[in-house]
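**Student:** Spelled out, the chains give:
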Amino acid sequence: MIEEISARFPYWAIAVLLVVGLYGMMGKRSLVKQVIGLSIFQSAIILFFISGSLLEGATIPILYSVHGEGHANPDDFVNPLPHVLMLTAIVVGVAIIGVALSFLVSIYREFGTLDERELLDDVRE
Amino acid sequence: MDPQPQLPVFIVGAPLLFSVIVPVLGRIWRHSAFLLALATVAVAAVASALSLELVLRKEPFSYHLGGWAPPVGIEYVIDEVSAFVCVVITSVSFLVLVSTRRWAEREAGDRPGVFYGLVLLLLAGLTGIVVTGDLFNLFVFLEIASLAAYALVFIGGRKAMLAGFRYLIIGSIGGALYLLGVGFIYFATGTLNMIEARELLEGTPSTRAAQVGAVFIFAGLGLKMALVPMHLWLPDAYEHAPSSVNSLIAPVMTKVAAYAMLRMFLSVFPAGFLSGTVPIADALLILGLIGIVFGSVAAAGQSDIRRMLAYSSISQLAFIAVGIGLGSPLALAAALLHVANHAAMKATLFLAAASVRLRVGLQRTHNLAGLGPRMPLTMGAFAIGSVAMIGIPPTAGFFSKWYMAQAGVDEGQWVVVAVVLFSSLLTAVYLFKVLEQVYLRPAKPEPSAHGDDERDASADAAPRPELAMRPVVERAREAPFDVWLPLVVLAAATVVLGVINVVIMDHVLLPGVS
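So the protein sequences, as listed, match chains Y and E. So in my numbering, spot 58 of the first sequence is number 58, and the numbers just go up one at a time. So in my numbering, spot 54 of the second sequence is number 54, and the numbers just go up one at a time.
The shape of chain Y in the complex, shown without the other chains (with noise of 0.2 Å):
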């Protein structure tokens, strides 16, 4: 079990991450909480992508001069996709939590209090 998750160290270190952040989101009262939640939640999903990325022993992907040496061999490189890839899932995230904490202004300002509890049992009145 324990050389399992250490074999695969990044995986488990995701999905523990993604279970905390799926928590925040379900079990937690506070809205702000839920936010975090969710943006615990994103951040996992972006390593996930950075870490299937990664080659052992392979170096950060800016070609040198190259003139007469042939072709550059793909595995000497980090695959850059997923990282270009993840800086607009970071975009896409931002604009998520930014939107999240303006809607919990807006609620805040609505009903001095942003328990979710609290929120239900006003809004049913």
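For the record, the hints were derived by calculation from the structure and aren't laboratory data. All figures in this text were calculated on a predicted structure; none of them were measured in a lab. Built from N, CA and C at the ideal position, the CB exists for glycine as well. Hints may be right or wrong, so weigh each one.
[What the hints assert, rightly or not] From the structure, some residues in chain E lie toward chain Y, with a derived Cβ separation under 10 Å:
hint, residue
1, Leu168
2, Gly171
3, Ile173
4, Leu177
5, Leu180
6, Tyr186
7, Val415
8, Val417
Guided by the hints, dock chain E onto chain Y, whose structure is given.
**Tutor:** Frame of chain Y; chain E shown alone:
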């Protein structure tokens, strides 16, 4: 080399560009917001229609964004199916925008530019999902559309705030799960292009990574399309959303998520991949069958007309999921036909509800007694929409159900036939309940009998002072011209779609899915 047809970029690009321009111009001249937004949607609709015509005349084509060919660049795939769904989305949105202008003026407050900017952003996201041929690009468009939808739901008042926040959390989980699935597919195949991924998945024995990816993708899209048991966000969001918004997102938003799921079956995962070790097709079929019955039963128990329609949406989306789960070309074509039919039917019903709310201000079905003769066009359109939902020929709803039942027989899945018929009965129960109140019951004499129905104070149900003492329903007049005309057009469209369904099936959908 021929220059590539530039049409697809207008379908997505026009709404995307003007979603930024409209808020700015809307600040300078308020009335420009609506007109510009309408013009933009018209441009997208015309571009979609021309693309469909081009596909039918020649062959499906792909548009390389910025001139970069895949797999380096992003491609937009315009085939029969995507062009058809684009036409449906843009034309339904156009009619809805016209019809809900009065609501938008009231609900968007002093910033109509921002409201219409969000509407255009929503449309850009939805059409982007439909035409893109790239898995990651689909995620980006999915989140663009969702973010616009969250914000639009949120502006509907106190209850809508909570519903909108819940929608945001659950919708973002859906998007994140989809992205996780795309990650697995990418690491299993090394590509993000749908067609290429399919070739690579077909060539190799299916790995565990690809299967896990498929599960995450379907869980994520299932959340977005409100597949039972992942539907909990939908009724609140649809009920409390502003009237100008729910008639827009109910017909198109979840339908596009359903389309994305269908696209996964058509373009990404090879046949057999999803019914082998990971029986996703069977799971969709079973959840769909449960969802059809659950949605109809829950709808029958609602007294608020918008909430009833929301549960009915869950049932109809489950119907589309059943089509995807069956997986035969006929079933997929039936599911796609239902995407179009349901967009027209649900837009009709939600717009009729919004029109009633505009004139009477009430939403509980039992308070609408006697409204039929007062608002003949609105309620007539509602009746046609209801008949189509139940599936009585020659309206559109009948034919998608007919093809689905036929596909069920072909596949030997008799339970599909039984559930489709049974759901028609249940649909009849909850929609006839409304029609009975509206046409057969006399208006309630006491306005105080409205119970817990919060009467919208802004409704204009008192045209002449001498009528002020009479029940609110009897005071109601027909909705204004620009509200009922799109409504009648949509109701007519449900009949026309039914009449020409053979043409659509034979020339557009069946070639598109085979």
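**Student:** Taking the least C-beta to C-beta distance, is E:Ile173 closer than 10 Å to chain Y?
**Tutor:** At 7 Å from the nearest chain Y Cβ, E:Ile173 passes the 10 Å test, so the hint holds.
**Student:** Please check whether E:Val415 passes as an interface residue: C-beta within 10 Å of a C-beta belonging to chain Y.
**Tutor:** violated, 33 Å
**Student:** Would you settle whether the hint for E:Val417 is holds or violated, based on the nearest Cβ-Cβ distance to chain Y being less than 10 Å?
**Tutor:** violated, 38 Å
**Student:** Does the closest beta carbon of chain Y sit nearer than 10 Å to the beta carbon of E:Leu177?
**Tutor:** This hint holds: E:Leu177 lies near chain Y, its Cβ roughly 9 Å from the closest one there, short of 10 Å.
**Student:** Given a cut of 10 Å on the nearest C-beta pair, is the interface hint for E:Gly171 held or broken against chain Y?
**Tutor:** holds, 9 Å
**Student:** Does the nearest C-beta of chain Y fall within a distance shorter than 10 Å of the C-beta of E:Leu180?
**Tutor:** Hint holds; E:Leu180 Cβ to chain Y Cβ min 5 Å, cut 10 Å.
**Student:** Once the shortest beta carbon distance from E:Tyr186 to chain Y is found, is it less than 10 Å?
**Tutor:** At about 7 Å, which falls below the 10 Å cut-off, the nearest Cβ of chain Y leaves the hint on E:Tyr186 intact, so it holds.
**Student:** When the nearest CB of chain Y is found for E:Leu168, is that gap smaller than 10 Å?
**Tutor:** This hint holds: E:Leu168 lies near chain Y, its Cβ roughly 6 Å from the closest one there, short of 10 Å.
In this structure, the earlier hints numbered 7, 8 are contradicted, and the remaining ones agree with it.
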